Amino acid sequence: MIKNRIARLVFRLVVGGVFIWSGMLKVLHPLEFAQNVAAYDLFPQWACFLAGLTLPWVELAAGLLLVLGLFRRAAALVAAVMLVGFIFLIAVTMVRGLDLSCGCFGSLSGKVGWTLLIQDILLLVMAASVLLSSDPRLSLDGLRSKSA
Amino acid sequence: MKTVLKQALGIILVPALLGLIVNEGLVTRFVMGEFARGFVAAAESGAVVFIGFEQARDLWQGREAQFIDARAVGLFAAGRIPGAVNIPIGEPDREGLLGRLRLDRSKPLVIYCSGGTCLDSLHLAQWLKANRAFDDIRVFQGGWQEWVDGGLPVEAPHDQE
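Protein chains in written order, with our numbering: chain V, 168 to 315; chain B, 3 to 163.
Rather than coming from a laboratory, the hints here were simulated on the basis of the structure. Worth double-checking, as some hints may not be accurate.
Claimed, not checked - Residues from chain B that face chain V, not an exhaustive set, calculated with beta carbons under 7 Å: (1) Ala10; (2) Ile14; (3) Ala18; (4) Gly21.
Remember, predicted model here, so these are calculated numbers, not experimental data. Glycine included, C-beta positions come from ideal geometry on N, C-alpha and C.
Construct the entire structure; sequences and hints are all you get.
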C-alpha cells in the first residue's frame with residue numbers, strides 16, 4: 168500500500184497516539200463512555216455497559232503496541248476493525264440525523280459529523296497501511312526478528 | 003496472516019478482561035440492576051433522581067412539576083416544553099435568574115437539556131441541589147429530543163406573544 172517505511176512509522180505513531188489518548192480518557196470514565204454508547208440508541212444496555220468497561224482498554228492496548236511497534240500488524244488490525252465500527256456508527260448517526268457527541272474522547276468529544284467521519288477514514292487508511300506491510304523495520308518487531 | 007489474527011484476538015481479549023477485572027465493582031453493581039436507567043446517572047448524580055419519558059410526560063400532563071430547560075437561550079427560544087422556564091447552564095448570573103423566576107419550592111423540578119449525551123441538565127441539577135433548598139430535583143435524561151420524538155406538545159416563540 169504505502170512503501171515508504173518512514174511514512175508507515177508516522178502512520179503507526181499517529182494511529183497509536185490517537186488510540187492511546189482516546190483510550191486513556193475513556194478508561195478513566197467508563198460509565199460516561201457507556202452512556203455515550205447508549206446515546207446512539209442502537210445497542211442493549213448490557214452491551215453499552217460491556218463496551219464502556221472493555222473497549223477503552225482494547226483501544227489503549229492497541230495504541231501502545233502500535234507506538235512501540237510490537238505485534239504491530241495485529242494491533243493495526245484491531246485498530247482497523249474498531250475504526251470500521253466507528254465509521255459505521257458515525258454514518259448511521261448522520262443518516263438518522265441525530266445530534267450526538269461521538270463519545271470518542273470522553274468529555275472532549277466532538278459532534279458526530281463529516282469532520283469526524285473523514286478523520287476516522289484517514290486513520291483507517293493509516294492502520295490498513297501498517298497492517299498490509301510485512302516490513303518490520305523501525306519497530307520492536309524488527310528488533311525481535313533480528314535477535315531471533 | 004493466521005498468526006496476526008491470533009495476536010489480534012489476544013490484543014482484544016487480554017485488555018478486555020483487564021477492564022472487567024479493574025472495574026469489578028461496577029460489574030457487581032450492574033448485575034444488581036443499578037444501571038437500568040442510565041450510566042452517568044449512577045456515576046455522577048448524587049441525590050438527583052433520573053426520570054424517563056413516561057414519567058416526564060405524566061408529571062407535565064398532571065401539572066405536578068416545574069420544568070426547567072438548561073439549554074442555551076437561543077435553543078429555548080426556538081422551542082421548548084410548554085410551561086418550561088430557561089436557566090441556561092452558561093448563564094453567568096444564575097443566582098439572580100433563579101431569584102427572579104420565583105420557583106415553587108413545594109413542587110418537584112424536572113430539568114432537561116437536548117437529550118442524548120447532553121449533561122447540562124445534570125450539572126444544573128447538581129448546582130441546584132448544592133445551592134438551593136429544592137428537595138425534589140429530577141433530570142429528564144431523554145430531554146428535548148425525546149420529548150419531540152414522542153410527539154408531545156411543544157411551545158414555540160409565538161405561543162407566548
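Here is what the structure says about each hint:
1. Because the smallest distance between the Cβ of alanine 10/B and any Cβ of chain V comes to about 4 Å, under 7 Å, the interface hint for this residue holds.
2. Of the supplied interface hints, the one on isoleucine 14/B holds, with its beta-carbon coming within about 5 Å of a beta-carbon of chain V, less than 7 Å.
3. Hint status for alanine 18/B: holds, given a least beta-carbon distance of 4 Å to chain V, under 7 Å.
4. Below 7 Å, beta-carbon pairs count as interface contacts, and glycine 21/B has one with chain V at about 4 Å; its hint therefore holds.
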